[in-house]
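Hints given; two lone chains; assemble the complex.
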Amino acid sequence: MGQRIDVKDLNIYYGDFLAVENVNIEIEPNKVTAFIGPSGCGKSTVLRTLDRMHEIIPGAHVKGEVLLEGRNLYAKDVDPVEVRRDVGMVFQRPNPFPTMSIRENVLAGVKLNNRKINKSDADDLVEWALRGANLWNEVKDRLDNPGVGLSGGQQQRLCIARAVAVHPQVLLMDEPCSALDPISTLAVEDLINELKKEYTIVIVTHNMQQAARIADYTAFFNLKAVGQPGHLTYFADTTTMFNNPQNEEAERYISGRFG
Amino acid sequence: MSSASNSATTAAGGKTADKVFKGVAYACGILILVTLAAVALFLLFRAWPLIGGDQAQNVAAIESFTGNKAHNFWQFVGPLMFGTVLVAASALIVSFFISVGIALFISHYAPKRLATALSYVIDLLAAIPSVIYGLWGGIVLVPAVYPFWNWVATYFGWIPIFAGPAANPPRTVATVALVLAVMILPIITSLSRDIFLQTPRLQEEAALALGATRWEMIKLAVLPFGRSGMVSASMLGLGRALGETMAVLMILSPGLTYSAHLLQASKNQTIAANIASQYPEANALGVSILIGTGLVLFLITFLVNFIARKIVEKASV
Chain Y
4 MGQRIDVKDL NIYYGDFLAV ENVNIEIEPN KVTAFIGPSG CGKSTVLRTL
54 DRMHEIIPGA HVKGEVLLEG RNLYAKDVDP VEVRRDVGMV FQRPNPFPTM
104 SIRENVLAGV KLNNRKINKS DADDLVEWAL RGANLWNEVK DRLDNPGVGL
154 SGGQQQRLCI ARAVAVHPQV LLMDEPCSAL DPISTLAVED LINELKKEYT
204 IVIVTHNMQQ AARIADYTAF FNLKAVGQPG HLTYFADTTT MFNNPQNEEA
254 ERYISGRFG
Chain S
82 MSSASNSATT AAGGKTADKV FKGVAYACGI LILVTLAAVA LFLLFRAWPL
132 IGGDQAQNVA AIESFTGNKA HNFWQFVGPL MFGTVLVAAS ALIVSFFISV
182 GIALFISHYA PKRLATALSY VIDLLAAIPS VIYGLWGGIV LVPAVYPFWN
232 WVATYFGWIP IFAGPAANPP RTVATVALVL AVMILPIITS LSRDIFLQTP
282 RLQEEAALAL GATRWEMIKL AVLPFGRSGM VSASMLGLGR ALGETMAVLM
332 ILSPGLTYSA HLLQASKNQT IAANIASQYP EANALGVSIL IGTGLVLFLI
382 TFLVNFIARK IVEKASV
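Respectively, the protein sequence lines represent chains Y and S.
Position one of the first sequence corresponds to residue 4 (this note's numbering), numbered consecutively onward.
Position one of the second sequence corresponds to residue 82 (this note's numbering), numbered consecutively onward.
It is worth saying that the hints were derived from the structure and are not from the lab.
Some clues are possibly wrong.
No more than 20 Å apart at the CA atoms, straight line, and that leaves these computed lysine-lysine pairs for PhoX-like [said to hold, decoys possible]:
{"hint": "1", "chain 1": "Y", "residue 1": "79", "chain 2": "Y", "residue 2": "66"}
{"hint": "2", "chain 1": "Y", "residue 1": "114", "chain 2": "S", "residue 2": "300"}
{"hint": "3", "chain 1": "Y", "residue 1": "66", "chain 2": "Y", "residue 2": "34"}
{"hint": "4", "chain 1": "Y", "residue 1": "199", "chain 2": "Y", "residue 2": "34"}
{"hint": "5", "chain 1": "S", "residue 1": "103", "chain 2": "Y", "residue 2": "119"}
{"hint": "6", "chain 1": "Y", "residue 1": "34", "chain 2": "Y", "residue 2": "143"}
Since the structure is predicted, the reported quantities are computational estimates derived from the model, not experimental observations.
Bound-form chain S, shown alone (with noise of 0.2 Å):
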């Protein structure tokens, strides 16, 4: 690379490197899809035995998995697909606004030196891996939190999703979604930050020439110009969200039900999490059904990106 752009002196090597850096571009291109086909490919062909095999063998499987509650594979992956959506929906929830806040404080309010400090602090909140995510999820948040939630069930308990009584220790989806909130606060606030940052200053100054207050003003230019760009931002949070493991798996405590009571314990599990929890466990055909889960997670994401870009394109017409 480095060599054929050094000799991009003359015209015809100019051409040469030229050349060279369309074949890379276009290497890299093919590249993504080539993996992305791979994945896809993997995850149906280790998934087949439970599509095309013997489906009795495939209900005991699950039977075992289940302790006897689920009988066929709908039955198994139908709550799981609930509980991920669930939890990671209430984690872009609770991350979407105050992500968008922070965005704003940094391009639009805070003083030139904490708002640099700050974007430098929510970048390193990025680097931290999901595990220690999950550890302080599970020692230090899940005890700390329970007040909190129950203060929440007595007060807002008429709310459905709140009904009490909340669960003591707390490792409900309420929690998780705390900590996959604060996981995915990074990505959604530097998008966003970054977007703000972009707004035509003319614009900008149109409403503050009209007489708009700073909020109106970030209402009236800010906010209408970021739309699209912090649809993708809590796209990609929703993303991470959704294929989070390691903190859901240590702090959840699992359960295969469609309950939506956020504070209640064994209620939902994800599929990222059941896999890696049953995994170790699991036999040739007990993996297949694993996967046959992560196939259906691979779809859901699949999904998920397509609709956010959707609604991007009716946005930014």
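Bound-form chain Y, shown alone (with noise of 0.2 Å):
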């Protein structure tokens, strides 16, 4: 089942440099939540906090809390290797192992820290995590042949299987069908609707008719000028973001007249 993320007075470092400024969210359980925004307003630094991916760069820090049903992520005692068991990420592209086959990869995650899956074990969980991402019947009968023979909407589907085959609470998507042509993208976004049913999950989108499509809520981000840290602008549920904000600035950049 999906876990509530909370977001609270966020602040986010590259070195001395403030990238995102006190940012408070609440993430439902469960739901679909977007984030959308102009490019370099944060968003996806923002969600790289959300699974402790941010600090993998040097010099990257962050002040404040986000807490995993209650439990702050940033606590001296966590683990980001644990926390990043338990909130899995899709990326831009598709990023397949390459020396890997379709099956290993789906598997890469399982067979991590060195536990052991024995092989009708594997095989379920195989079939459980591509029926999940609705890859299944398109491989099934080469379960063998490499991850990155597939097209690239399989690869990102691909890439959804590993990710859910550790059994994380939550998916962060950062813009998961920019790579991707549009019957590929109507795939993913499909199966973004399946999977809120079991994980909590938060896509970086700069589409806004896929916001409005999948998302149940949608955050707004902007930032005054280049150089100047980005803020979470305005918060609605998906509904009142696209057809009534509450919000000049949201509701310039929806409707295109932006800047």
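Here it is in structure tokens:
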């Protein structure tokens, strides 16, 4: 089941540079929350703080709290590796491991930390994850072929299968469809609708129609000028955001009269 | 060259520059082939008395080289080939893991400043002439390393290659391998480091986002990506070790056997060191024989590179 995320007074830094300031947001479990906003406003940066991927860049750090079901992910005794097992991530471009077969890709996360899994459990898990990613019927006869032999859309669904195979509570998606054609995009969007029954989903997208189609809640990020920190400008349920936004900046951005 | 590219401001000049550059590039490419062919022909030509000359004289010359131990060319060059490959392979085995370790440390663990400093030091190692390594090996390492080899022979002597007693002074394949390992370390390290740094960020993040530790990320993303690069780097290192002359000559106590007891002295000799040690005193026929062994070394190196290329091709499919 999905878990809720509460972000409290989060300031995100790259070295000394404050990239995003003072984010407060409540992300509901088993809903899709979309982050939208102009380039450079920090929406991907915020997303990457939710599984502590932000800090893999040297000098990057945060101040504030991210609570996953009440547990602060940035508490001193929390291991980021453990956080990333609970919070899965799908990236802008599909990134299956190039030397691995489809099957090995799905199992890559499961086999980490010296965990052993016997063959029949592994078979079941592969089928379950690939079915969950709506990919099973397309690849079931060639599970031992390389993952990179699939089409872009299939690869992205393979990456989703790989992410769900470790049974996360939350799935983060950083513009998952930006490298895909419209048909593959539709397949992934349908999948996101299915996945929210099991997981809390946060998605960054540049495509406002996409946000309107799939998100339950939408957060609009903006920045005053280049070099200034980004911030969360407006957060609302998606219907309000796109039909009757109570915020002028958001309204201008959505109606395309931005800047 | 520079005048051609300076005049390349107009469209016509651009075409000329293009042609000039094409010509220069072709010439460079062909030059390397011509050089290689020239070396091969030289070796073959100078070694010809050995192949086509009076065999009775050859036998006599080889017997005088080896103190009557070898009676024909293959008996002579066989142990040398074995020694060459043994020394080079031992050096590569020692160097490979250390080099990859250093490369990974520089590319993925060390803070930026330390990484820069370390890269600099490693590149500096490559600039030290091999005669210096030979001196250092002979004067410093040989006396200092004996207790270690003695310890190895005592506790790991049950492994055939470490069978004792350890020679003292240890002018042995094991000591030479250590020195050669240091000599080939820079090239393997810097090439591996470059390839590790090129690992696609997306692959690394894919691994980390699945909950991989740093080491697991390296196993999942960095090493598979760098595999073919590591093989090529090793082969370049091996090539250098196969041909290394001075350091071997100055450290190793030579012998002509097929022994793989790394800790015992006077068992092996390499082709290159053998040429260097016997060349000054050899007559015309002796030189031909030595050049014949050089031809064999040339072929071994060629073969090693060929095999490496095949491995890389297979790995990158």
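inquiry  = Run the distance test for residue 66 of chain Y versus residue 34 of chain Y: straight-line Cα separation, threshold 20 Å.
reply    = Violated - the C-alpha atoms of residue 34 of chain Y and residue 66 of chain Y are around 26 Å apart, more than 20 Å.
query = If you draw a straight line from the CA of residue 199 of chain Y to the CA of residue 34 of chain Y, is it 20 Å or shorter?
reply = With a Cα-Cα distance of about 6 Å, the restraint between residue 199 of chain Y and residue 34 of chain Y holds, given a limit of 20 Å.
request  = Quickly compare the C-alpha distance for residue 103 of chain S and residue 119 of chain Y to 20 Å and report which way the hint goes.
outcome  = violated (57 Å)
Holds or violated: residue 34 of chain Y to residue 143 of chain Y, with C-alpha atoms at most 20 Å apart = Violated, at roughly 30 Å.
inquiry  = What's the verdict on residue 79 of chain Y and residue 66 of chain Y, does the C-alpha distance respect the 20 Å limit or exceed it?
reply    = OK: residue 79 of chain Y and residue 66 of chain Y at ~12 Å, within 20 Å.
request  = Would you mind confirming whether the straight-line C-alpha gap from residue 114 of chain Y to residue 300 of chain S stays at or under 20 Å?
outcome  = Answer holds: residue 114 of chain Y to residue 300 of chain S is near 12 Å, not above 20 Å.
The structure fails to meet hints 3, 5 and 6 from the earlier list, while all remaining hints are met.
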